[in-house]
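Engineer: Spelled out, the chains give:
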Amino acid sequence: MNWIGAKTLLNKEVRRFLRVPGQTLLSPLISTALYFIVFGVTLGRYQATLDGAPYVLAIVPGLIFMGASNNAFLNASSSMFITKLQGTVVDLLVAPLSPLALLFGFVAGAMVRGALVGILTWAVAMIFTGVHLAHPLESLALLLLVSYVFAMGGLLAGLWAEKFEQVNFFSTFIIIPLNFLGGVFFSVRSLEEPYRTIAMFNPVVHMVEGLRSAMLGTMAISPIGVAILLGFAAASTAVTYRLLEVGYHLKT
Amino acid sequence: MAAVLEIENLKKAYPGGMVALDGVTLAIEAGEIFALLGPNGAGKTTLIGLVCGLIRKSSGSMKLFGIDLAVDSLGPRSSVGLVPQEVNFDPFFTARESLEIQLGYYGRPPDPKRINEMLQALALQDRADVPTRALSGGMKRRLLIAKALVHRPRLVFLDEPTAGVDVELRRDLWAYVRKLRDGGTTVVLTTHYLEEAEALADRIGIIDHGKLLVLEGKESLMQRLGERRLEVRFATPLRELPVALRWGSLEDDGKRFVFLERHGEGPRAAALLAHIYGHGLAVVDVSTERAHLEDVMIQILRSGGGQL
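Protein chains in written order, with my numbering: chain A, 585 to 836; chain B, 33 to 340.
Certain hints may be false.
What the hints assert, rightly or not - When the alpha-carbon atoms are kept at most 20 Å apart in a straight line, the in silico PhoX-like pairs for lysine-lysine are as follows:
1. B:43 <-> B:95
2. A:835 <-> B:43
3. B:89 <-> A:835
4. B:172 <-> A:668
5. A:835 <-> A:747
If you are wondering where the hints come from, they were derived from the structure by calculation, not from laboratory data. Keep in mind it's a predicted model, so treat the numbers as computed, not measured.
The following block holds chain A by itself, in its conformation from the complex (with noise of 0.2 Å):
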């Protein structure tokens, strides 16, 4: 493979979100600290824990997972996106990136925004709740899974985009909604039948249960919510391989 050129579009993405940090960074931080205190401050007065621990500490997983998951799409979508509509495309597909050195670039450096913003939410968090952190390297991990698998998702959407609003349309309509439902802010364990056994269906819930449990140790990891990870991470790469193979919406 060309790993120079793979590097090269790596590099070339994460300078690009670094050039506009009040939009990828900061903007995103602000959104989850306010989620922080609305959600962890406020109904943390009414409901004392969750999955067994502290509501104020159980929460922050989630947010991470809402954080990381979030940038890694966005990075990943609009940029594919804004370098098809651009027409900049142009020099990548003449160039000689493989399908391969394509997905690598794009996707490590959606990672790098999603990581970044994770990590630094933790960081934001622990001001609050004081440093909890109780498998670092299993919760950085599952941090990485998390952002893979988004970002691959990311680099889908951007490809199969062919207007601004189809960008936004996964994230509204349903990364958005399932992540709202998938245990961020609540245990849908403690929820009645037939509500729990459904929302066991939306993977979001295990991607939160696994990163909380990494993170706070109250429970022991979930193997489903790994092998839910690891699945989906196996299947998108497939499919956004073979779609960059064939230049799916990239060539005509």
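Place chain B on chain A using the hints.
Structural biologist: Below, chain B alone, put in the same frame as chain A:
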């Protein structure tokens, strides 16, 4: 000379039946400037897009530097550069950064010396470190040229490279293209400025409706199809032409003799001129004008390439 690009029976048809390229076969020789000409929608950009990996072919084969693109589509492209017809730029980066990125895409390590050389060659050095969105239209187009050349390609496609570029800079670019050719780079050029193709090209391909109508050396094509117009003004009007001059015609009430010299057909203009002086006709003025590529191209397009 070895062919750097060999295209055989290349076809591109879109769903719905639109055929953009219809069985084109051609070879581009190393170190030549090849002008691909034709009206809008003729298939020029499609042909370039197919070779550069922007468009999927329907059928046919393409070999770059002797390597079949169906077998290895990436390797040979590390030695190809493209100036696309549409201006594109990434507003997040400066001209210098854009060139750094472009070098990286082609697997080349950073090379500040080469980048400065390109910025200088394309007169961008004074605006090298401002965001590309702040560049003028002409500068953006020059940046495209610099991007296409920064990795020292052996074959470069210039798809309308001087559209929107002022006359002085256009002449500078022509000189630069000739310099590239003299340095061994093969250049494939499409342009609407036929004067540009006439000034630069070694060989010419004329394409229309996706079919290659003519593929020939410029000099040979101009000699074969380009007419030379001879015009002689007489001091006294002639009532009729001497027999030897009847290849031409009298105009302007007998004051003007006009003759179109065609390759392999009729006498040479010089011979008729000798007759005029031989007959002792009083001449006020003589002018000759060689046909331009534009005239030749119109002739070819009108005939559809047949019987030329």
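Engineer: Would you mind marking each hint as holding or not holding in the structure?
Structural biologist: Results for each hint:
1. For the suggested pair residue 43 (chain B) and residue 95 (chain B), the alpha carbons sit about 15 Å apart, so the restraint of at most 20 Å is met.
2. Proposed proximity of residue 835 (chain A) and residue 43 (chain B) is supported: the alpha carbons are some 16 Å apart, at most 20 Å.
3. In summary, the hint linking residue 89 (chain B) to residue 835 (chain A) is supported, as the alpha carbons are separated by about 10 Å, within the 20 Å threshold.
4. Taking the CA atoms of residue 172 (chain B) and residue 668 (chain A), the gap is about 18 Å. The hint holds against a cut of 20 Å.
5. Simply put, residue 835 (chain A) and residue 747 (chain A) have alpha-carbon atoms about 16 Å apart, close enough for the 20 Å limit, and the pair holds.
Every hint from the earlier list agrees with this structure, and none is contradicted.
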